[in-house]
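Numbering (the working numbering), first residue to last: 137 to 221.
Treat each hint with caution, since some may be false.
[To be verified] Ranges between beta-carbon positions, derived for each pair: (1) 188 <-> 141: 18 to 28 Å; (2) 210 <-> 185: 22 to 32 Å; (3) 138 <-> 188: 16 to 26 Å; (4) 217 <-> 146: 13 to 23 Å; (5) 183 <-> 211: 31 to 41 Å; (6) 219 <-> 159: 37 to 47 Å; (7) 158 <-> 207: 35 to 45 Å.
Hints were generated in silico from the structure; no laboratory data involved.
Quick reminder that beta carbons are idealized off the backbone N, C-alpha and C, glycines included.
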Amino acid sequence: MIAHVMVAAALVLTGVRLLRGPTGADRVVALDLATTLGVGLAAAHAVHTGEAVYLDVALVVGLIGFLGTVGLGLHLTPRRPDEPR
């Protein structure tokens, strides 16, 4: 139960960084951290309740978060005009 509260507090602080981040890169890192904290919250809930389905949820959320971070990182990377995508 303490883990749930700590992760929720970290999610609130991450939300502040997500909204106030001065650059797009800061927002991407905050979004990645929020995804990681969500995975941790799902895993802690799986341990607390004994339901293994939450581990599957954590795995899917982690995979989607990773793919989103890679996609946003590629989108934010500056390119030369003659460089192919």
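Which constraints among the numbered hints does this structure fail? Numbers only, ascending.
Of the numbered hints given earlier, those the structure breaks are 2, 4, 6, 7, listed in rising order.
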